[in-house]
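Asks: For reference, the chains in residue letters:
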Amino acid sequence: MSNKTVIPFGPQHPVLPEPIHLDLVLEDEKVVQAVPQLGFIHRGLEKIVEKRDYLHFVYVAERICGICSFGHSLGYSQAVEGLMGVEVPERAEYLRDIWQELSRIHSHLLWLGLLADGFGYENLFQQAWRLREIVLNIFEKTTGGRVILSVCNIGGVNRDIDNDELRAICDDLDKLLDGYKPITETFLDDASVHSRLDGVGYLSKEEAEDLSLVGPFGRASGLDNDIRSIGMGAYGKLAAFEPQLSNIGDGYARTEVRINEVVQSVQIIKELVSKIPDGPVYNKPKGNPPEGRFLTRVEQPRGEAVYYVKGNGSKFLERFRVRTPTSQNLAGLLKILQGCDYADVPLNILTIDPCISCTER
Amino acid sequence: MGLFKLGGVSVKNLFSKPATKTYPAEPFEPYERTKGKIVVELDKCIFCKLCMRGCPTEAIDVDKDAKLWQIDHFLCVQCGDCVRRCPKSCLHQAGMWENVATMRQCEVNEFAADSPDQLVVSMSYGQAAAERAQKDEVAQKRIAEEKARKAAEKAAKAAAKAAAEEEAAKAAVEEEAAKADAPKAEDATESDASAAFDASAGAAEPSESDAPKAEG
Amino acid sequence: MDNTEQIYKEIDASSILSTIHAYHDEGWRFAQLCGSTIEGGVEVLYTLEKGPVVENVLVNLPNDAEIPSISKIYPASFVFENELQDLFGIKVNGISVDYEGHMYKLSVPSPMNPKSQARVEFAKRAQAADQPEAEAQADTQAEAQAADQPDEAQAVSQPEAEASAVPAGQAGGETDEQ
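In the order they appear, the protein sequences are chains A, B and C. If you want the working numbering, it's the 1-based position in the first sequence plus 3. If you want the working numbering, it's the 1-based position in the second sequence plus 2. If you want the working numbering, it's the 1-based position in the third sequence plus 866.
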């Protein structure tokens, strides 16, 4: 007896950070089915790898996405280094991981702002982004760029940060944590935020495992999928690393996991700064990538990203493939959209932290 | 749970300075490493073309005979590769990038024709297509030269290998002819020399993984 | 440095479902599904992981092959299987959310696999449609053969991104064949 209406959501929408199109099939304010449509921001970057020198392609790879830009250049460099067998100096690995953790902090702060904007709390949105400026200034001081860093390269990093600057970074991050407390209190305790996030988009641990979720989206349901636990690079030198998990499984839990990850990232950076060794930061690669294949993984702020390269002996790589976390989480998104209220659709989309420019390269 | 958790911060912000700067009224102060426009010191430049080879977008063009260094700022992505590669450190990133134009243009740095000490910086308008065609010609010439050089090297290597094999055959014949004699010392040095030549020729081209190493 | 051991197992197209089922029953997580163009066909790579261990399963397929879908086992794979259908011309049977080749709005069918049947038919149709196509193709082929070095990204880019004029897409598509 109920009518079914189809409402198009996106790709241009004030609440969406990235262009994704969803056709929502509604039955009286409840979403019965959602059909996604991708491709608005597809640039064919995987095809460009056949036309650009493998040393120059790192600058293309970091432009796959603006928020997780450093992670993509890190993943590409790691994959080609594994293929060619290039040794990365130890100091470079520490610096890379420091920048990757800073990237995680700025991405989570950006997401917190967008989530607040999603339910209309603009003041909270601007406060979160004001804190993010501290991290962007650190990026600019150390690498020259705020969003696109151009600092990770095959064989190491292009720039060094001396130890005094590293200590100054730790002081800046302390100031960030001071300003961070009122924001986390609002997110976790405020009644209006609770009413929007509690119970929205619930997924149990079995469902999360079935859907192979990655990133904080899966960790909020209790799934341990953090690649940093494996200990690649400088993460292996940390005294202890426990991924942030929660077993509540709804939108509130995903917010809590990301909030805790920011604090954990600051602690990781401090530990890495205290342990960083001295030495060179770049080891120039020689020759061309040999024939072969290599697959590596990086923990991006949104989850685990898989990088696969295939070489054929020339200076152009044969294949470069990025499996980004959001493309893996799309199945989970469709699952939480089924049966939710129409007013909760933007929040559900935001809690998976979509990065569509990564998905569609 | 509470209400108006952000109240304290909001009231404090009412009475403090805004977080934004009124640019362009307030000047922008870049950090020491901030990326920006690529600037060249032409008197230090030796026109070695390393920056041109390293540029991922081919924004730089260098002409050694005309002592010209030009860059298309719209193609440049400020990656800093040229700045790192320059052997004379004559390239810098200016920390600001304010490029406004109505047509595609290149910034050309050259010395004035009448007084070679005077640096002239000009913008060439509407030549993008012509430049690209010229780059293609230059590129095609370069490719033909590379191919000729590689063919010559291969021929030289084949000749050396043939010579080495001849030597080895002669040496084998000599060995059989005069048994417990000293010619063995001579053979060793000859085959060592040809082996060294092969090894060095092979090392000169690291991209060819199947270079015939010391077979002789 | 990534020191994970790289394991690649080659299997037949007929044993895809049974192999993936075995992995699923042992608790492995699905990581990715990717296609690459090789001589004479497409190579499909399934990646599964469990903690620090990563195992890859390779399947070599001829052009326009048909394979079963694993989206009943791992629902997260439907995005990648649709991508395989769109970009490589491999038919995947039984995807849970099947776009039937229209997930990406492409102007040239199966652009990553220039030898697939869909691509050949499209080229024939375009050639028959208007003759200037043949000249444009010959020009771009000569250009692409002469220029060994990387072109500007615009010249060779994404025939699938811009649903622009067909000659542009066709020319871009032809250069991809080089």
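FYI, nobody ran anything at the bench for these hints, they're computed from the structure. One thing to keep in mind: the hints can contain errors.
Derived Cβ-Cβ restraints for the label pairs, each shown as a range [what the hints assert, rightly or not]: (1) 33(B) with 939(C): 31 to 41 Å; (2) 287(A) with 917(C): 32 to 42 Å; (3) 33(B) with 281(A): 40 to 50 Å; (4) 25(B) with 939(C): 36 to 46 Å; (5) 136(A) with 27(B): 28 to 38 Å; (6) 182(A) with 24(B): 46 to 56 Å.
Under the rule of at most 27 Å between Cα atoms (straight-line distance), these lysine-lysine pairs were calculated in the DSSO-like manner [claimed, not checked]: (7) 916(C) with 338(A); (8) 144(A) with 90(B); (9) 938(C) with 208(A); (10) 957(C) with 338(A); (11) 338(A) with 938(C); (12) 19(B) with 289(A); (13) 144(A) with 163(B); (14) 178(A) with 23(B); (15) 318(A) with 14(B); (16) 287(A) with 51(B); (17) 163(B) with 152(B); (18) 184(A) with 14(B); (19) 289(A) with 23(B).
Predicted, not measured: the structure shown is a model, and the values here were computed from it. Glycine included, each C-beta is placed from N, C-alpha and C at the ideal position.
Asks: Holds or violated: residue 287(A) with residue 51(B), Cα cutoff 27 Å?
Replies: It holds: about 19 Å lies between the C-alpha atoms, which stays within 27 Å.
Asks: Please test the hint of 36 to 46 Å on the beta carbon pair from residue 25(B) and residue 939(C).
Replies: Violated: the Cβ-Cβ distance is about 55 Å, outside 36 to 46 Å.
Asks: Indicate whether the distance between the beta carbons of residue 182(A) and residue 24(B) respects the range 46 to 56 Å.
Replies: violated (23 Å)
Asks: Would the hint linking residue 184(A) and residue 14(B) be met if the CA-CA limit is 27 Å?
Replies: holds (15 Å)
Asks: Taken at face value, is the distance from the CA of residue 289(A) to the CA of residue 19(B) at most 27 Å?
Replies: Status violated; Cα separation ~53 Å.
Asks: Kindly confirm whether 28 to 38 Å is satisfied by the beta carbon distance between residue 136(A) and residue 27(B).
Replies: violated (20 Å)
Asks: Against the 27 Å threshold, does the CA-CA distance of residue 144(A) and residue 90(B) hold or violate the hint?
Replies: At roughly 25 Å apart (the allowed maximum being 27 Å), residue 90(B) and residue 144(A) satisfy the hint.
Asks: When you check the alpha-carbon spacing of residue 916(C) and residue 338(A), does it fall within 27 Å?
Replies: holds (24 Å)
Asks: Could you grab the alpha-carbon distance between residue 163(B) and residue 152(B) and see if it respects the 27 Å cut-off?
Replies: holds (16 Å)
Asks: Hey, residue 938(C) versus residue 208(A), does the alpha-carbon distance stay inside 27 Å?
Replies: holds (19 Å)
Asks: Run the distance test for residue 178(A) versus residue 23(B): straight-line Cα separation, threshold 27 Å.
Replies: OK: residue 178(A) and residue 23(B) at ~20 Å, within 27 Å.
Asks: Between residue 318(A) and residue 14(B), is the straight-line Cα distance small enough, at 27 Å or below?
Replies: Outside the cut-off at roughly 57 Å; violated.
When held up to the earlier numbered hints, the structure conflicts with 1, 3, 4, 5, 6, 12, 13, 15, 19 and fits the remainder.
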